[in-house]
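**Student:** Sequence:
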Amino acid sequence: MKDKKNYYLFLGDLKVDVSEEVYKGYWQETNRENYLKRLDKENRLGYFSEFVSDEVARSMEERLIDKAVDLEKLVEVKMQIEALNKALDKLSPEEREIIQALFFDEIPQRELAKTLNISQGAVFRRKEKTLEKLKVFLEDWDEK
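Using our numbering, you'd call the opening residue of the sequence shown number 657 and step up by one each time.
By construction, these hints were calculated from the structure, which means they are not laboratory data.
By construction, the Cβ of each residue, glycine as well, lies at the ideal position given by its N, Cα and C atoms.
Keep in mind that the hints are not guaranteed to be accurate.
Just the calculated beta-carbon pair ranges, DEER-fashion [to be verified]:
(1) Leu665 / Leu692: 18 to 26 angstroms
(2) Leu695 / Val674: 27 to 35 angstroms
(3) Val731 / Gly668: 46 to 54 angstroms
(4) Glu799 / Asn699: 33 to 41 angstroms
Please take these sequences and the hints and turn them into a complete structure.
**Tutor:** Here it is as structure tokens:
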């Protein structure tokens, strides 16, 4: 006979017996919160409470300014994205579909080939041809 497993959560110093569902739900939520906090740290996101704390000597403005952000670089990237979108607009619907599927939707070439009912080699050749076209469009933009 299988023994029933007991699940406990601690509230301060108090050990509370809970159901398996409550236990798993609690740890799922706790793990998610920890994951989000870790992401915030990795992406250097701060909590609003950090900005209004009396212990913080620097002003909110100083805290919000990211010294690592290069405004010139941001503008350049934005312009490149706009140029890429314009170049994508110049492609045929079939070419756009291939680029969308392979690079934005991250569909493998083999899977796309099945969907389009063509060989993987044909998908590869069309992708290469389309990328070459985009390269020419973007080189023209870069020269302006």
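**Student:** For each hint, tell me whether it holds in the structure or not.
**Tutor:** Structure-based check of all given hints:
no., hint, verdict
1, Leu665 / Leu692: 18 to 26 angstroms, "holds, 21 angstroms"
2, Leu695 / Val674: 27 to 35 angstroms, "holds, 28 angstroms"
3, Val731 / Gly668: 46 to 54 angstroms, "holds, 52 angstroms"
4, Glu799 / Asn699: 33 to 41 angstroms, "holds, 35 angstroms"
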